[in-house]
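**Q** Spelled out from the first residue to the last, the chains are:
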Amino acid sequence: MFKNYMQKSKKLAFAILSILILSTSYSYAQNTEIKLGMVLEPPHLDPSAGAAAAIDEVVYANIFEGLTRIDENGGVQPSLATSWEISNDNLTYVFNLKQGVKFHDGTDFDADDVVFSFQRAMGDDSVNAQKAIFEIIEEIRAIDANSIAILLKRPSGDFLFNIGRGDAIIVAPESADNNKTNPIGTGPYKFISWNKGAKIVLEATENYVGDEVSIDKATFVFISDPNTAIAAMLAGDLDGFPMFPAPEALEIFTKDNRFNVLVGTTEGETVLATNNKKAPFNDIRVRQAMAHAIDRNEIIEGAVFGYGTPIGSHFAPHHPYFIDKVNTYPLDLEKAKELLTEAGYPNGFKATLKLPPAPYARRSGQIIASQFREIGIELELINVEWAQWIDETFTKKDYDLTIVSHVEPFDIGIYANPDYYFQFDSEDFRAVMEQLGQTTDEGARRALAIYAQDFLARHAVNTYLFQLAKVGVWRADIEGMWANAPIEGNDLSTIAFIN
Amino acid sequence: MFGTILSRLIAFAATLFVASLAIFLLLDILPGDPARFILGISATEQSIAVLREQMGLNLPLWERFFNWFFALLKGDLGISLTQDLPVTSLIFERILVSFPLAIFAMIIAIIIGVPIGIIAAQNRGKKSDSFLMLLAQIGIAIPNFWFGMLLVLLFAVTLGWFSTGGFISWDESIFGAIKSLVLPSIALALPQAAILARIMRTALVDVANADYIRTARAKGLTNSQAIWRHGVRNALLPVMTILGLQFAFLIAGTIIIENVFYLPGLGKLIFTAISERDLVLVRGALIVLVFAVITIMLIVDLLYQIIDPRLRSRNKI
Numbered sequence: 000m001f002k003n004y005m006q007k008s009k010k011l012a013f014a015i016l017s018i019l020i021l022s023t024s025y026s027y028a029q030n031t032e033i034k035l036g037m038v039l040e041p042p043h044l045d046p047s048a049g050a051a052a053a054i055d056e057v058v059y060a061n062i063f064e065g066l067t068r069i070d071e072n073g074g075v076q077p078s079l080a081t082s083w084e085i086s087n088d089n090l091t092y093v094f095n096l097k098q099g100v101k102f103h104d105g106t107d108f109d110a111d112d113v114v115f116s117f118q119r120a121m122g123d124d125s126v127n128a129q130k131a132i133f134e135i136i137e138e139i140r141a142i143d144a145n146s147i148a149i150l151l152k153r154p155s156g157d158f159l160f161n162i163g164r165g166d167a168i169i170v171a172p173e174s175a176d177n178n179k180t181n182p183i184g185t186g187p188y189k190f191i192s193w194n195k196g197a198k199i200v201l202e203a204t205e206n207y208v209g210d211e212v213s214i215d216k217a218t219f220v221f222i223s224d225p226n227t228a229i230a231a232m233l234a235g236d237l238d239g240f241p242m243f244p245a246p247e248a249l250e251i252f253t254k255d256n257r258f259n260v261l262v263g264t265t266e267g268e269t270v271l272a273t274n275n276k277k278a279p280f281n282d283i284r285v286r287q288a289m290a291h292a293i294d295r296n297e298i299i300e301g302a303v304f305g306y307g308t309p310i311g312s313h314f315a316p317h318h319p320y321f322i323d324k325v326n327t328y329p330l331d332l333e334k335a336k337e338l339l340t341e342a343g344y345p346n347g348f349k350a351t352l353k354l355p356p357a358p359y360a361r362r363s364g365q366i367i368a369s370q371f372r373e374i375g376i377e378l379e380l381i382n383v384e385w386a387q388w389i390d391e392t393f394t395k396k397d398y399d400l401t402i403v404s405h406v407e408p409f410d411i412g413i414y415a416n417p418d419y420y421f422q423f424d425s426e427d428f429r430a431v432m433e434q435l436g437q438t439t440d441e442g443a444r445r446a447l448a449i450y451a452q453d454f455l456a457r458h459a460v461n462t463y464l465f466q467l468a469k470v471g472v473w474r475a476d477i478e479g480m481w482a483n484a485p486i487e488g489n490d491l492s493t494i495a496f497i498n
Numbered sequence: 000m001f002g003t004i005l006s007r008l009i010a011f012a013a014t015l016f017v018a019s020l021a022i023f024l025l026l027d028i029l030p031g032d033p034a035r036f037i038l039g040i041s042a043t044e045q046s047i048a049v050l051r052e053q054m055g056l057n058l059p060l061w062e063r064f065f066n067w068f069f070a071l072l073k074g075d076l077g078i079s080l081t082q083d084l085p086v087t088s089l090i091f092e093r094i095l096v097s098f099p100l101a102i103f104a105m106i107i108a109i110i111i112g113v114p115i116g117i118i119a120a121q122n123r124g125k126k127s128d129s130f131l132m133l134l135a136q137i138g139i140a141i142p143n144f145w146f147g148m149l150l151v152l153l154f155a156v157t158l159g160w161f162s163t164g165g166f167i168s169w170d171e172s173i174f175g176a177i178k179s180l181v182l183p184s185i186a187l188a189l190p191q192a193a194i195l196a197r198i199m200r201t202a203l204v205d206v207a208n209a210d211y212i213r214t215a216r217a218k219g220l221t222n223s224q225a226i227w228r229h230g231v232r233n234a235l236l237p238v239m240t241i242l243g244l245q246f247a248f249l250i251a252g253t254i255i256i257e258n259v260f261y262l263p264g265l266g267k268l269i270f271t272a273i274s275e276r277d278l279v280l281v282r283g284a285l286i287v288l289v290f291a292v293i294t295i296m297l298i299v300d301l302l303y304q305i306i307d308p309r310l311r312s313r314n315k316i
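Those protein sequences? They're chains A and B, same order as listed. For the first sequence, numbering that gives the first Met the number 0 begins at 0 and goes up steadily by one. For the second sequence, numbering that gives the first Met the number 0 begins at 0 and goes up steadily by one.
One or more hints might be untrue.
[Claimed, not checked] Straight-line Cα separation of at most 30 Å, DSS-like style, residue types lysine-lysine; simulated pairs:
1. K178/B x K198/A
2. K469/A x K179/A
3. K195/A x K469/A
4. K198/A x K216/A
5. K216/A x K178/B
6. K254/A x K276/A
7. K178/B x K34/A
8. K101/A x K179/A
9. K277/A x K349/A
10. K179/A x K73/B
11. K195/A x K73/B
12. K395/A x K276/A
13. K276/A x K336/A
14. K277/A x K195/A
15. K277/A x K336/A
16. K101/A x K216/A
17. K195/A x K125/B
18. K396/A x K277/A
Since the hints were derived computationally from the structure, they do not count as laboratory data. Just so we're clear, the structure is a prediction, and the values are computed from it rather than from any experiment.
My request is simple: use the sequences and hints to build the entire structure.
**A** The structure is reproduced here in structure tokens:
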């Protein structure tokens, strides 16, 4: 009887022990899985065939890789090209490719895939959203299986950066056509499944050539409602929300030690874009008056709850070439009214302000309308959808003023295009940009970039508001995620749970 | 009876045709070019032109309409502009979320609304009646997305009984799928239950004064016996009408509720597709919804014939 009891208790102890072991191994397995929230769901997963940021936020550096890659601070790092040499005339680039790399479907990666990918992006029937970045390429050819040469039409200071963007990923001819629904790349993570409308699952590949990753499985969950995003983080249904959609609620998370609020930079210059061809905005004095009339701190406080940096020109404050131009036209209502009077509008005027759906735009618009009223400018606020904005404002230039964040990295060149929706037409500025595009010397590039920033600030082409911040909410025991967003993407390879 | 069904079916087909025409034209005049939206503001004019050609957007309006309409008759809803996948399969995935959600909400609304209406009618003029009608008034006034948020805060964030949202697909786990629909369908059902309760009460109060109820009472039935045996069935007629209409409202309500609970349903699909100008997908989804709603209306019409014998005999004359 007693023996029987002993046996039973042994069995019981064994059972408890095995449950304990199983549960620890289970919790270990759980700790290498991560669930991340995203506001928008990508329409498909091929970044070389669409502009949607959500595509890159899932696949960039995870599924797909380019010759180069962009790091957290916007620097260029080797990726599928391990090294490169640039000729003295800055026209020929020779890239040495990483060896032993396989695509997720098992096909080998070599120089032919690179040539195929670039030609696909450059071709006449290409639907690449950034086709312009390939325009500079004169010729691309494979030297041997592990190296390629690219010949440029003219020197370019941005080329290595541009080919590190999601639009320049390397794909295989065998799988390229199906990448929208079944993306096959060379990255550390492979595509597993996509429940449309709900989530996308990626898993680490076994045969990745490169640093080992810590996260085995990543799920991107799509939550568009800001209140639900808050609830999902609080309930622990998500481990992180890299671009948190509810800045008004961040205090909840900063005060809660279960969470880590990570604030970084983006490439988004938020501007009150102005139709420079349309009266009265074709008069520089009117634009200067508007610049004098805005209180950036009030806008940043009210529109993005303090998460933003004031800017005075179209340039990112974290960029090494940045100079602070916020005080070109400091807040001065008297001066603003004087300028309006000089321009022939002593009693101000009426104008429309078209606001796309982004909360920063809608909120900024209301604050700016009240600030402009102080100097007699009456703004009619018109809410538009993005598709409408692209059609009416961007393409047809049918607008007075609009608010938008320009998220392309180093995009000051848009002011050199007189057909761009700002309709700013300056021979001088075009000359500066042309020179910048062909200059590869660091010092000279910096000087030109500084001149360009100053030029735009002085001409008050747009009213420059603030640099959008990237604000992420994460579980406190996660490390290695990007604070900044130099390009769109959520690099999973460096993320890990702290034990 | 047969004549009624035939005339109903003709009306059904006509509604479907008019709706498809309206859906096509209305979406066509919506500002915004799908190709430009897909490729974004840095795209070259050449890429946009290539994409427009690929998507068939350069054909004249009437040609696009008839291409679409004849494909529709064959059950082919086309290829989504943004996702490059057949619209039929995209919609089918979503229907497996939205229709169960609407049906659960409907059932919950009936289970809560009808008994409350009956109890209120039986106690007409008493305190319990006023109390129940006050509750119904509140139920109508509360927006369902806000009520949904409250449910999330209580049952998901505080108590942790449910997930804050998302959907476990039917393949993964039937129990999980049903569980993911519990909170959303309650949130969706509440205003409908409140409306049903009021309609049920009013209908019952109306029939309570009818001759046949007095006869039943005279025959010796108690008040509630008379109402349950003779009143409720008669009162169901207006309630059926409202239920049919409510189904359309429930489907519309799913758009908001699916956003709150991040459910991959038809509403969320339409919402995204409209903002991305995926005209083919929006058209397909709307046609499916129109089809569902007018089918429900048809069923309600036919159910009248079963519930109300007077309609049947009238048709015979």
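**Q** Decide, hint by hint, whether the structure agrees.
**A** Hints versus structure:
For the hint pairing K178/B with K198/A, the CA-to-CA distance comes to about 18 Å; that is within 30 Å, so the pair holds. Of the pairs offered as hints, the one joining K469/A and K179/A holds, with about 27 Å between alpha carbons and a cut-off of 30 Å not exceeded. At most 30 Å may separate the alpha-carbon atoms for a hinted pair to count; K195/A and K469/A meet this at roughly 26 Å. For the suggested pair K198/A and K216/A, the alpha carbons sit about 13 Å apart, so the restraint of at most 30 Å is met.
Note on K216/A and K178/B: the hinted pairing holds, with a Cα-Cα distance of about 24 Å set against a maximum of 30 Å. Note on K254/A and K276/A: the hinted pairing is violated, with a Cα-Cα distance of about 49 Å set against a maximum of 30 Å. The straight-line distance between the Cα atoms of K178/B and K34/A is roughly 20 Å, inside the 30 Å bound, and the hint therefore holds. Between K101/A and K179/A the CA atoms are separated by roughly 19 Å; this keeps the pair inside 30 Å, and the hint holds.
For the suggested pair K277/A and K349/A, the alpha carbons sit about 13 Å apart, so the restraint of at most 30 Å is met. Taken as a hint, the K179/A and K73/B pair is honoured in the structure, with Cα atoms around 27 Å apart against an allowance of 30 Å. At most 30 Å may separate the alpha-carbon atoms for a hinted pair to count; K195/A and K73/B meet this at roughly 25 Å. Restraint check for K395/A and K276/A: satisfied, since their Cα atoms lie roughly 13 Å apart, inside the 30 Å limit.
Distance restraint check for K276/A and K336/A: the Cα-Cα separation of roughly 22 Å lies within the 30 Å cut-off, and the hinted pair is therefore satisfied. Of the supplied pair hints, the one linking K277/A and K195/A is violated, its CA atoms being roughly 44 Å apart against a limit of 30 Å. The hinted pair formed by K277/A and K336/A meets the criterion: a straight-line CA distance of about 20 Å does not exceed 30 Å. A threshold of 30 Å between alpha carbons decides the hint, and for K101/A with K216/A the separation of about 20 Å falls inside it, so the pair holds.
In summary, the hint linking K195/A to K125/B is not supported, as the alpha carbons are separated by about 52 Å, beyond the 30 Å threshold. For the proposed pair K396/A and K277/A, the alpha carbon gap of about 10 Å is at most 30 Å, so the pair holds.
The structure fails to meet hints 6, 14, 17 from the earlier list, while all remaining hints are met.
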